[in-house]
Amino acid sequence: MRDRLAAALKASRADYTEIRVERTWSSAVTFRGRRLETATVSEDEGGFVRVLNQGYGWGIASFTSLDELPAMVIRANQLSRAVRLDEPIRLAQTAPQVAAAALDLDGDVRGVPLAEKKRLLEAYNGAMLGVSDRVVDTQASYQDEVSEVWYVNSEGTALSQLRPEVVLSGTAIARRDGTIEKGLESIGLRKGWRSVHGLEERFRTVAGRAVDLLDAPRVKGGAYPVILDNELAGVFVHEAFGHLSEADFVYQSPQAREMMTLGRRFGKPVLNVGDNGAAPGLRGTLPFDDEGTPTQDTPLIKNGILVGRLHSRETAAKLGERPTGNARAISFRHPPIVRMTNTYIAPGRGSLEDLIKDISLGVYACGAFGGQTMLENFSFTAAYGHMIRDGHVAELVKDVVLAGNLFQTLDRIDHIAGDFTWNQMGGGCGKGGQFPLPVTEGAPHVRIEEALVGGDVPA
Amino acid sequence: MTNVVDRLLDATRRRVDGADALWRREERTAVAFESGRLKTAGVTEEAGINLRVLAGGRVGVAGTTAATPDIQALVDRARASAELGEPLDLAFPPVSRLPDIPTHFDTAAGASLERLIRMGRTLVERLAREGCQVNVAVEREIAETTVGNSAGARGGYRATGVAVTADLLRIAGDDVLMVYDQYTGADLPADADLDALARSIERRLEPALTVVEPPEGALPVVFTPTGLAAVLLPLEHALSGKTVLQGTSPLAGKVGEALFDAGLSITDDPLAPARAASRPLDDECIASRTTALVERGVVRRFVYDLETAARAGTYTTGHGRRGIFGKPRIAYTNLIVGSGPDVVGARHAVPLQLGGGLLDGIDDGLLVDDLIGVGQGNVIGGAFSHPVALAYRVRRGEIAGRVKDAAVAGNAYDLLKRIGGFGTDGRWLGSHWSPSLLLEGVSVARR
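So the protein lines, in turn, are chains A and B. For the first sequence, the numbering used here gives the first residue as 67, with consecutive numbering after it. For the second sequence, the numbering used here gives the first residue as 40, with consecutive numbering after it.
So that you can see chain A by itself, here it is in the shape it has in the complex (with noise of 0.2 Å):
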């Protein structure tokens, strides 16, 4: 492959350019209730290319054929040269790297039969069924894959990398007449096939809940003091700031830039923010981003000022900083994109009974069902909440939404626990096309003095 790489790069035309070609080994099994829907392997190859010429834009190809690479490279060079720029694009130099990583396959999912993780799932699934009869219906799901990634450019950089991959997910839906309610588990590590065993409590807990959510009420509309915990506090640091610290959303833009000016204050001292790729053992970690970049740990918010942001090369030469090692994608279909990969709040000090003794009527929010964010505006949905009843966790509540502003909701964070945990959820992150990429998000107990829930009110 290093060989087809190397010929069709100096074949090339361009100014600029970047190949990368993925193989990818996965295999999948679904339940739905007591039945197996899906047990399948699948093989999935294919290659990008991306080329950049002086005066001119982006060009780029993608393809399943791999015979048609050198074609691609041709085709590709013809894109870029329809896109005449006044502006040139430029990239930030970056040092040329040559490496094979590969990552521990930790069991190397290949070599399980089928059968076995079909065993598997069928006791997860099981577990979801047989906490109640009213658990009506299960969506139960097993995914794995290794892929194989080369990545080369005429900088010199060659890259290739070995990539496994697990997710688990269950869904439980419980049921009594009318009233129907959901609970969630998902999992998702990059390892193998010894680190999926021993998860029933898990999904037997889920399953429960959705029950138990039969019988409580809906979460009364209005303005409260909030307490999230560990997954849901990551999903709300994701949308709450992650996406706006991507530096594609200012860099064309003076307006934007003049808000997410460095050196901003956007939260309490206690607020620290950052984004790791090259934490160990994450979903979201990768040794190098998909430009050839080595991933790295970049301070995002430190005592509530804004320090820094997530780049690819095209946006750290635009305003003048350093590629942080965040332009990925999905998958050979796609471009690489800033996006992020582990993205955390730095734990503070105390557990939740600190974050609670004062409250005297809030709403604690745990799980995440997903999240999602409008830039200054977004939503984190809570799997399920209890309300805070003068200094203690009291009833449960369904259908617990948060609303919530870049720049009330961040400043209104007074409390940050010193529990911190990474959430390893499947699923993942969506953004311009590109849906779901790999990441991790990390919190500990976040306490928000006060923010908007969503749900009845009185007329």
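These are computed hints drawn from the structure, not numbers from a lab. Hints may contain errors.
Stated by the list, open to error - In silico DSSO-like pairs for lysine-lysine, Cα to Cα no more than 30 Å straight-line: (1) A:K423 x A:K384; (2) A:K76 x A:K286; (3) B:K456 x A:K76; (4) B:K293 x A:K384; (5) B:K78 x A:K497; (6) B:K293 x B:K78; (7) B:K456 x A:K286; (8) A:K286 x A:K368.
To be verified - Simulated restraints, written as ranges between beta carbons of each label pair: (9) B:N42 x A:T271: 36 to 44 Å; (10) A:R79 x B:G96: 56 to 64 Å; (11) A:L385 x B:V250: 54 to 62 Å.
In this text, a Cβ means the ideal position worked out from N, Cα and C, and glycines have one as well.
Given chain A's structure and the hints, the job is docking chain B onto it.
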């Protein structure tokens, strides 16, 4: 290359009890303007085959994107998949007569890169204004599909699809406003379509420049065709035969019952002219036809693919959709809410009319155009709760300005029992067509 389906089905003969297969090739050309300037031009070419077999009374699937697929290996993988599969009495449908609908437009297929760039540039120039960033993307897809099965059914078609999206980002101090709109169709947009797109963005932008306090309480809320997505999503889940089969559809067993406002009709129409989701047959060789799901408030029919129909003891409605990997699943084609597009609507060139004529009787309420986090809650239960992305306060029948930091919540099944009004502003949004709806008693919370 299209006879790969024949070769594949030949290879399965005597090795399995039955099979069907899909081959699809797609070529996409895209140009992207960022902050008003053309930055990128790209192509994507992808081809692959998906095989499903029935072996020993069990179903298995396999797929590959390999350029020269090892057909025997693919059959082996599908058989191995079937060994683990559930028993199923699956009958592959025989040859049927296909409707003659145009899916391939030469003007779209033949459009040069320069033409796509010109279309994008026209929009960028039209939308440019001080203090705003304009992003425009133009994408053209040419696809070819062949499906076949061991009962002798064969079908295939070529299709084109065009999508033009534009968004305008305005940052003023700490206020971030984003408005967007799109054109989608099987053919290139006419000048009038691009004009409608630009005008739809302008009509959202102008009243949004004033920010007002949100109202609070159980209020009348008008949902635009884009804003309506959150309310319709629970019904889309509930009308799927899969959800019914699994016992989680609130609509199961309710066929023939009037559960919704008598004005509400929902139709799936794979034959809609010049729409990107239209097709003569589905991915399981079933000839396309229109399916009435809800008719004047009465639940009529759920949608099925072959496998779900076989398990449910009913017939497929032609809603099988398959990718290269995995097995077919149920998917809608074009979903039409209300009476459907007239001749003008079908041509798409209708700019958004904010409010759709529904604001007159509203003393204090909300007009919701876009919500955040749609699809992330307990969708199947019908409950929704979302912060607003783009919404306006309505006072005494007029738009008073944009509201921020408000959240709307309700239950789709309750709210759609009585619809306060259907707008006169029906338009296509991707594969959905709907007018604005006025719903009463939607919870609006604010800080």
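Hey, K423 of chain A versus K384 of chain A, does the alpha-carbon distance stay inside 30 Å?
-> violated, 48 Å
Using the Cβ atoms, figure out if R79 of chain A sits within 56 to 64 Å of G96 of chain B.
-> holds, 58 Å
Please work out if K76 of chain A and K286 of chain A have their alpha carbons no farther apart than 30 Å.
-> violated, 64 Å
Pair hint K456 of chain B and K286 of chain A, alpha-carbon separation not exceeding 30 Å | Given that 30 Å is the threshold and the Cα spacing comes to 23 Å, the pair holds.
Can the restraint linking K456 of chain B and K76 of chain A be considered satisfied, given a maximum Cα separation of 30 Å?
-> Between K456 of chain B and K76 of chain A the Cα gap is close to 66 Å, so the pair fails against 30 Å, i.e. violated.
Taking only the CA atoms, is the gap from K78 of chain B to K497 of chain A under or equal to 30 Å?
-> holds, 18 Å
Given pair status - K78 of chain B, K293 of chain B, alpha carbons within 30 Å | Given that 30 Å is the threshold and the Cα spacing comes to 53 Å, the pair is violated.
Starting from the hint 36 to 44 Å, judge whether the C-beta atoms of N42 of chain B and T271 of chain A obey it.
-> violated, 52 Å
Given the proposed pairing of K286 of chain A with K368 of chain A, does the C-alpha separation stay at or below 30 Å?
-> violated, 35 Å
Confirm or reject the claim that L385 of chain A and V250 of chain B have a C-beta distance inside 54 to 62 Å.
-> Given about 29 Å between the Cβ atoms, the range is violated.
Take a quick look at whether K293 of chain B and K384 of chain A sit within 30 Å of each other, Cα to Cα.
-> violated, 59 Å
Of the hints listed earlier, those the structure fails to meet are numbers 1, 2, 3, 4, 6, 8, 9, 11, in rising order.
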